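Visitor: In order, the protein sequences belong to chains Y and F.
All residue numbers for the first sequence refer to our numbering, where the first residue is 1 and numbers rise by one.
All residue numbers for the second sequence refer to our numbering, where the first residue is 1001 and numbers rise by one.
Each hint should be verified, as a subset may be incorrect.
Which residues of chain Y face chain F? A partial, calculated answer using Cβ under 8 Å [to be verified]:
{"id": "1", "residue": "Y13"}
{"id": "2", "residue": "D68"}
{"id": "3", "residue": "Q82"}
{"id": "4", "residue": "D88"}
{"id": "5", "residue": "R94"}
{"id": "6", "residue": "G99"}
{"id": "7", "residue": "R102"}
{"id": "8", "residue": "P239"}
{"id": "9", "residue": "L240"}
{"id": "10", "residue": "D242"}
{"id": "11", "residue": "F243"}
{"id": "12", "residue": "R257"}
As a list, the in silico SDA-like pairs of lysine to any residue whose alpha-carbon atoms are at most 20 Å apart [what the hints assert, rightly or not]:
{"id": "13", "chain 1": "F", "residue 1": "K1099", "chain 2": "Y", "residue 2": "K69"}
{"id": "14", "chain 1": "F", "residue 1": "K1099", "chain 2": "Y", "residue 2": "F243"}
{"id": "15", "chain 1": "Y", "residue 1": "K271", "chain 2": "Y", "residue 2": "E289"}
{"id": "16", "chain 1": "Y", "residue 1": "K129", "chain 2": "F", "residue 2": "A1011"}
{"id": "17", "chain 1": "F", "residue 1": "K1029", "chain 2": "Y", "residue 2": "L91"}
{"id": "18", "chain 1": "Y", "residue 1": "K69", "chain 2": "F", "residue 2": "L1111"}
{"id": "19", "chain 1": "Y", "residue 1": "K108", "chain 2": "F", "residue 2": "S1022"}
{"id": "20", "chain 1": "F", "residue 1": "K1002", "chain 2": "Y", "residue 2": "Y13"}
{"id": "21", "chain 1": "F", "residue 1": "K1099", "chain 2": "Y", "residue 2": "I98"}
{"id": "22", "chain 1": "Y", "residue 1": "K69", "chain 2": "F", "residue 2": "S1022"}
{"id": "23", "chain 1": "Y", "residue 1": "K108", "chain 2": "F", "residue 2": "L1014"}
{"id": "24", "chain 1": "F", "residue 1": "K1099", "chain 2": "Y", "residue 2": "K271"}
{"id": "25", "chain 1": "Y", "residue 1": "K108", "chain 2": "F", "residue 2": "A1011"}
Computed far set for chain F versus chain Y, every beta-carbon distance over 10 Å [as the list claims (entries may be wrong)]:
{"id": "26", "residue": "Y1042"}
{"id": "27", "residue": "A1103"}
{"id": "28", "residue": "L1104"}
{"id": "29", "residue": "A1106"}
{"id": "30", "residue": "P1108"}
{"id": "31", "residue": "L1109"}
{"id": "32", "residue": "T1148"}
{"id": "33", "residue": "V1173"}
{"id": "34", "residue": "L1210"}
{"id": "35", "residue": "F1237"}
{"id": "36", "residue": "V1244"}
Keep in mind that the hints were calculated from the coordinates and are not lab data.
Please read all numbers here as calculations on a predicted model, not as lab measurements.
The beta carbon of each residue, even a glycine, is placed where N, CA and C say it ideally should be.
Chain by chain, the residues:
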Amino acid sequence: MPILKVESLRKNYGTLTAVDGISFDVQSGECFGLLGPNGAGKTSTIRMLYGYTPRDSGLLEVFGLDIDKGLREIKRRIGICQQEDSLDPDLSVRDNLIGYARYFAIPKPEAERRADELLGFFALQNRAKDKIMVLSGGLKRRLMLARALVNQPELLILDEPTTGLDPQSRQLLWEKLAELKKQGLTILLTTHYMEEAERLCDRLVIVDHGRILVEGKPAALVQERVGHSVLEIADPDQPLRDFLAREKCRVEDLGSRLLVYLDHGDELFLKLTREVRAEGCMLRPAGLEDLFLNLTGRELRE
Amino acid sequence: MKWPTPSQISARSLRVWQRNFSIYRQNWKISFVPPLLEPLLYILAFGVGLAVMVGELEYGGEKISYTTFIAPGLVSVAIMYNAFFETTYNSFVRMYYQKTFDALLATPLNLEEIILGEMLWAATKSVIAVTLMTCVISLCGFFSFPGTLLLIPLALLGGLLFAALGMICTALVPGIEMFNLPIFLGITPMFLFSGTFFPLQNLPNWAQVLAQFLPLTHLVTLARGCSLHVWSGDLWFSLLYLLVATLLLLPLAIALMVRRIVV
Ligand SMILES: Nc1ncnc2c1ncn2[C@@H]1O[C@H](COP(=O)(O)OP(=O)(O)O)[C@@H](O)[C@H]1O
Ligand SMILES: [Mg+2]
Chain Y
1 MPILKVESLR
11 KNYGTLTAVD
21 GISFDVQSGE
31 CFGLLGPNGA
41 GKTSTIRMLY
51 GYTPRDSGLL
61 EVFGLDIDKG
71 LREIKRRIGI
81 CQQEDSLDPD
91 LSVRDNLIGY
101 ARYFAIPKPE
111 AERRADELLG
121 FFALQNRAKD
131 KIMVLSGGLK
141 RRLMLARALV
151 NQPELLILDE
161 PTTGLDPQSR
171 QLLWEKLAEL
181 KKQGLTILLT
191 THYMEEAERL
201 CDRLVIVDHG
211 RILVEGKPAA
221 LVQERVGHSV
231 LEIADPDQPL
241 RDFLAREKCR
251 VEDLGSRLLV
261 YLDHGDELFL
271 KLTREVRAEG
281 CMLRPAGLED
291 LFLNLTGREL
301 RE
Chain F
1001 MKWPTPSQIS
1011 ARSLRVWQRN
1021 FSIYRQNWKI
1031 SFVPPLLEPL
1041 LYILAFGVGL
1051 AVMVGELEYG
1061 GEKISYTTFI
1071 APGLVSVAIM
1081 YNAFFETTYN
1091 SFVRMYYQKT
1101 FDALLATPLN
1111 LEEIILGEML
1121 WAATKSVIAV
1131 TLMTCVISLC
1141 GFFSFPGTLL
1151 LIPLALLGGL
1161 LFAALGMICT
1171 ALVPGIEMFN
1181 LPIFLGITPM
1191 FLFSGTFFPL
1201 QNLPNWAQVL
1211 AQFLPLTHLV
1221 TLARGCSLHV
1231 WSGDLWFSLL
1241 YLLVATLLLL
1251 PLAIALMVRR
1261 IVV
């Protein structure tokens, strides 16, 4: 039985369709990614999972419980780290955790024990007495995540956990999430950072305009849809274009830059640098970002 | 609009109350100052400054001093202010700026319980304020016992009523600066024309009729009757008014907040 089952989920805001028939499931112990550009419908999907936003249609089951019947039970057993910080500015760091535990009817001594444990895990012990106002963005995120774990959830839901963080904070959060995953926690994560998805997600879907474009394991998807490696060429000239045409390569023309998708090996790259030109040519492994941009397009989003 | 059903509400509402209470307790020393000092200031200003010009007035067939007349009015105004300002400005800040309700919605609580918890807390603030004020005013000798003790359940009832009114405003205003409107059009006229500072009989007939629709009028009637031991049948009518209004407005406030927040 999957931990989370989503079937034909739909949500409209007036005439705008934010989620347009999304289906996926999350298995126990895996980290599942919901990737998409801004406005793709990630947050709307997450919000329907815990009843924050009512859905227009579709089926939602968490822990095998129908969300309409078992919402309280579901909410007791999941941890949610929302996209926007919602820490309590009137309370200290530690009291944010203890206060939150109250809503789950966790007895005070147990809540204090868990709060201290989580402060330790997220390296927040030294800030335990601080007010929220003085915390940096990275510290607030860590506390948000710690708070989402205070009820010892069986499923952790994270909506863009590292957006807007500096590289150091992001690395630390990734380490902590990897550690939680290793302990067997099931995680559902939304992001538009490909590196995050590549590092953490066992499986993922890429969504845009409220629809799933592709689903699978990140490495396999890249191999299948993009290829083995990508040859980037700056300022291409005519002889170079002629060469690529003769070799029948898959070329994406961005004007001042060409992207050549290669299925295997580096023979073509070697041939190109030997016979045509070497400067401005760079060979790199294909990645999730190539797939993401191919699927969702290169034009700017909201 | 979706009306709340009793099955949606559980004791979890008290967790919201508890959150607000624990934060109130952190600064209780500051929170206690206004209800303790305010009645003294008013009694000083009106009792010393104004009462000499007004002299005595007749209430319930007896002559009483002007200060005695307004003391229950002050208590009633405190009930109104404490609850109304809590569910307007303070609840709005928690809902809109601090995202407190968002955080709570990720726990087993539902929105109906959160809103009810907020209103229960606001009414509690009225009760705390009235308790403190009553101590001060009683020490000055203006109130009669045991009737004055009824001010405490009255504060709870009136507090709930004004908490619901405030929450309705919170559900309807687009932004926090818009609270000026219900305050200017509703709260301030009530403060002045509900029999707080002068007997309603002084007003022209049509205004007396209008005043009967104001909830503060009935709160003042009850507070004055209880604390000065002037018992009359009117009190029952006022109590009925407050009970019915509260029972209607509490679910209405919840329903309007649900309509605002759930999209
Ligand atoms: N409360 C709302 N009212 C109206 N439109 C909304 C609301 N929330 C989101 N939307 C719209 O729905 C679409 C999907 O938004 P969202 O789920 O937040 O996307 P994401 O989280 O992927 O960035 C966007 O076009 C957004 O503007
Ligand atoms: Mg989002």
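Visitor: Against each hint, give a clear statement of whether it holds in the structure.
Guide: Structure-based check of all given hints:
no. : hint                : in the structure
1   : Y13                 : 7 Å, holds
2   : D68                 : 13 Å, violated
3   : Q82                 : 6 Å, holds
4   : D88                 : 6 Å, holds
5   : R94                 : 13 Å, violated
6   : G99                 : 6 Å, holds
7   : R102                : 6 Å, holds
8   : P239                : 58 Å, violated
9   : L240                : 53 Å, violated
10  : D242                : 56 Å, violated
11  : F243                : 55 Å, violated
12  : R257                : 42 Å, violated
13  : K1099(F) to K69(Y)  : 26 Å, violated
14  : K1099(F) to F243(Y) : 58 Å, violated
15  : K271(Y) to E289(Y)  : 26 Å, violated
16  : K129(Y) to A1011(F) : 30 Å, violated
17  : K1029(F) to L91(Y)  : 17 Å, holds
18  : K69(Y) to L1111(F)  : 16 Å, holds
19  : K108(Y) to S1022(F) : 14 Å, holds
20  : K1002(F) to Y13(Y)  : 18 Å, holds
21  : K1099(F) to I98(Y)  : 18 Å, holds
22  : K69(Y) to S1022(F)  : 33 Å, violated
23  : K108(Y) to L1014(F) : 16 Å, holds
24  : K1099(F) to K271(Y) : 59 Å, violated
25  : K108(Y) to A1011(F) : 17 Å, holds
26  : Y1042               : 30 Å, holds
27  : A1103               : 4 Å, violated
28  : L1104               : 6 Å, violated
29  : A1106               : 4 Å, violated
30  : P1108               : 5 Å, violated
31  : L1109               : 6 Å, violated
32  : T1148               : 34 Å, holds
33  : V1173               : 21 Å, holds
34  : L1210               : 41 Å, holds
35  : F1237               : 41 Å, holds
36  : V1244               : 32 Å, holds
The structure fails to meet hints 2, 5, 8, 9, 10, 11, 12, 13, 14, 15, 16, 22, 24, 27, 28, 29, 30 and 31 from the earlier list, while all remaining hints are met.
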